[in-house]
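J.: Following the hints, complete the assembly by docking chains B and C onto the known chain A.
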Amino acid sequence: MATKLVLRGIRKEFGSTVAVDDLTLSVEEGEFLSLLGPSGCGKSTTLAIIAGFEAPTRGDVIVDGRRINDVPAQERGIGLVFQDYAIFTRMSVFENLSFGLRVRGLGRVAIEERVGRVASLLHLTEALQRPSVSLNMSELQRVALGRVLVLEPPLLLLDEPLSNLDAAIRLTLRTELRRLQQELRQTVVYVTHDQIEAMSMSDRIAVMDAGRILQIGSPMEIFDCPQSRFVATFIGDPPINILPASLTTVGGHVVVRHGGLAVAFNGAQAQAALTGQVEMAFRPTDVVVRRDSSSRAAFEMVVDLVEPLGSETVVHLRAMDTAIRAVVPPAFAPRVGERVGVSIPAERVHLIDAASGIVVR
Amino acid sequence: MKATVAANSTRNVEAQAEGIRPTLVQHIPFAVWLIVPAEIVLLSVVVFPTLMSLWLSLTSWTPTSGVNWWQAEFQWLANYVQLLFGDERFRAALLRTLLIVVVGVAAEISIGLSLALLFFDDFPWKKIAISAIILPMMIVPVDAANAFFMLFRDVGPVNQLVRILVGHPVRFAWLSDSNLAIVPILLVEIWQWTPLMFLMLLTGLMALPQNQLRAAVALGASRWQLFRRIILPLIAPVVVLSLVIRSVEIFKIFDPVYILTRGGPGTSTETLSMWMYDNGFVYFRIAYVAAAGFLVLLVVLAYVLLILRPLSRRTAAER
Amino acid sequence: MYQSSTLLRMLKWLAVIAAMCFALFPIFWMVSTSFKPIQEWSTYPPVWIPRQPTLENYLALLNPAALAGSHSIDYKVAETAWRPLLNSLIISTSATFFSVCFGTLAAYGVSRYKSGGESYPMFVLTVRMFPPIAVAVPMLVMYSFLHLTGTYVGLVLAYTAFTLPLSIWMIRSFIDEIPREIEEAAVVYGLSSIRAFWRVTFPLIRGALVATALFIYILNWSEFLFALSLTNGALTTVTVQVSNYFSASSGQLYGPQAALGTLSTIPVIFFGYLIQRHLVRGLTFGAIKR
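Chains as they are written, first to last, in numbering that gives the first Met the number 0: chain A, 0 to 360; chain B, 0 to 318; chain C, 0 to 289.
Honestly, the hints are just simulated from the structure, not real lab data. It is possible that some hints are incorrect.
[Said to hold, decoys possible] Ranges of calculated distance between the beta carbons of each label pair, as one might list FRET restraints:
hint: 1; chain 1: C; residue 1: F269; chain 2: A; residue 2: A167; range: 54 to 60 Å
hint: 2; chain 1: B; residue 1: P232; chain 2: A; residue 2: E125; range: 22 to 28 Å
hint: 3; chain 1: B; residue 1: V102; chain 2: A; residue 2: T88; range: 46 to 52 Å
hint: 4; chain 1: A; residue 1: T88; chain 2: B; residue 2: G166; range: 39 to 45 Å
hint: 5; chain 1: A; residue 1: V17; chain 2: C; residue 2: V30; range: 44 to 50 Å
hint: 6; chain 1: B; residue 1: R227; chain 2: A; residue 2: R116; range: 26 to 32 Å
[Claimed, not checked] Chain B is faced by these chain A residues, among others (derived, beta-carbon under 8 Å):
hint: 7; residue: A72
hint: 8; residue: L79
hint: 9; residue: R89
hint: 10; residue: V102
hint: 11; residue: G106
hint: 12; residue: M319
Cβ coordinates follow ideal geometry from the N, Cα and C atoms, glycine included.
Only chain A is shown next, with the shape it has when bound in the complex (with noise of 0.2 Å):
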């Protein structure tokens, strides 16, 4: 598998301010790699970046092992498809798919034939002569892909196209943009701000925030070992619970605690977390919610709110001045007020530095 596209050390300053520091990053040929991070974060700007309407003010980008800094947006060939779709209002379906085709002066015979052959992949053959104003949502989708999809361009560059969306389209036009990524074999970097959408689609993510790239990583990985607090927190829906939390070494075990809250570790686990504040973190998935409140192992909690989501039921747990969420099986059916017992397996704890806020385990 090729290199696709290259990004080395990429810096850009707006004046006094830095949108991306230092961005170094890799995608490989046919990958879905997402740029996933709050507003703000630089993710738009490394966009602009590739796309060339922003340059750099260091750094290399570098397409097919070819370094494109100078080489002028209309130049580049890279697909890009934006939020809004910005499909030429004034023009027909057809004149919006074959664009691109016609500024490169293409005859009528070839644009017909691949104008042609992107409509009925993406099944807007029926639509070929209508004008774009008529067009719903899913359609303007399809017409906004098709039209850099012509091109058959080496790279793909999606900004939030799902954001503007009802819940019910965007889940449908998901599936529909990872199949036909899928497909075509192309190779797609996806800027979103939304993590079900980045983990739901993306071979590979990389968080970011500040305009740095935090972590990158397959999305179980990111889910699974978040390297940062930021990337713990950002990813994971009820979000991961994290407290405060003292160390305490009790024959050959460490001991964290929250509270009533405690976990131990052995020794060697948490050795590198003994200095410095730390806090524990874990995801409201992981938590153990037994009705037996009796149990030894089990710290007592009072049931503080439950929300039925359907297919689990979120909980909040409360003890004194601990409070944390829990999922549980629609079956468990907790009621408000009620005590139970409950236990998170070590393994499942991760030890997060709470000076600089790095995973320390």
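T.: Just chains B and C, lined up with the frame of chain A:
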């Protein structure tokens, strides 16, 4: 309709509260009251004189004829027939005005659009440059014309600059040569109002959907293709609107002509407004000028409606 | 969006600088001439920057007595410019006041109640479409009959009428931007419609009305045709005065003319930049907004 009813009922409530007996006045809806003051002014100063001039245009009245204007001798369409078929000077003034409109608007649109495109991208000192470029449209038109009078005098700086460009002594009599005198008039108009065209088009450009432009660039459009296939169709309504507004304005051109040449030398720069001024206020051919005024009104109305109708229909359809 | 080559950028800068020079040169010339002594008015090659700058031209407008004996120009025609300045001030201010007041009422009616029907705004606009001179002729007949020629009332009436369409269209475009729901809410709380407008909408458009007033003021102050034709010389405004500077011995008095031109343009430029954001809206009848 609904609003009018609501307004009526609130009025009635008010009237009862204040203990006023309903009078005829209160039956006139509130909505109509709002336009009454404006209407009184417009009726007395514009509509009444217009109707009066419709009457006058069908008579042979002049202030020197010794009868009151309403007792003037009625002569049907004689004035109109004379204007259209017998008055070479009027026809020349009309054609000259149309020429000024065409040349002026064409120059203003092409310069204004080029400038607006130059200012499309950001660059340092952009705001200051814009402020400088739009300064002419804020100058009092009479002062602008006077300034150009000074520039185009035979000892003025324009001749000096032309001389430097040509390389040997020339001294054009810009304002007293019947072939040249139209040039300073056109230049004042273009100088003063291209900034407005520039501002209108720049405002239009800035309101364009940025992503459509970026999408076209990413799809490989060159500067020219972007302009021709994306920008131009999108700002066409603004261009048409600017064109209508400016052409109607230039059609009325008077101040620069009066200041620079008074229509001369001879009648070589006489525009419609100048012609009407001379005939009305110098020769007192009031009835004749009234007829000309009506012809002009019809022409302008037809022109505006012809161009604006399809435009407003299209923008309505797009909403 | 496009990366420009250095050459292209240079050309662009050249074009911008050329446009700026073209725009500023006539203004520079007027201001420069206003400081030239009489000897420098008509020399060739012309004097660009006054070699002996003088305030004589301004003094001639405002206080000719100060020049007595020290100057050879025959200023017979040049009664001081105070009277025309005052006339312009009075006429422009009153006409602006009426135009904006009546315009606000009508715009409110048109915007909220469609007063006068769907085509009323278009009807109003036709006033701006044909040459004012075509109306000025019958107006003069009417004014002579009513003895309004050369009076403040006559000019104020004419100026109000001819700026009303602009007032109505411009203010309407501002009122249209305020959702009518907030007025309706006030009506639900028991205010009459006009009070709802006064208490709720009016404060929101106050700034816009000031901008409209300044815009209308500029137009009134700059008006020339009516001031020339409806006065019979009995009432002189600034614009007419500027074209009056001739003298028997010196011909056209370029210096005083430029000085009054500069003086009369200063307030207009000042107001113009104050309302720069709204200029386009005014001049396009509210069609192009920012």
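J.: A separate judgement is required for each hint: does it hold in the structure or not?
T.: Checked hints:
1. C:F269 / A:A167: 54 to 60 Å: holds, 57 Å
2. B:P232 / A:E125: 22 to 28 Å: holds, 25 Å
3. B:V102 / A:T88: 46 to 52 Å: violated, 34 Å
4. A:T88 / B:G166: 39 to 45 Å: Violated, at about 53 Å.
5. A:V17 / C:V30: 44 to 50 Å: Once the Cβ atoms are compared, 47 Å apart, the range 44 to 50 Å for V30 of chain C and V17 of chain A holds.
6. B:R227 / A:R116: 26 to 32 Å: This hint holds: roughly 27 Å between Cβ atoms.
7. A72: holds, 5 Å
8. L79: holds, 4 Å
9. R89: holds, 4 Å
10. V102: Constraint on V102 of chain A satisfied, holds at 5 Å.
11. G106: Constraint on G106 of chain A not satisfied, violated at 16 Å.
12. M319: Where the cut-off is 8 Å and the nearest Cβ of chain B is about 53 Å from M319 of chain A, the hint is violated.
Going down the numbered hints, you'll see the structure goes against 3, 4, 11 and 12, while the others check out.
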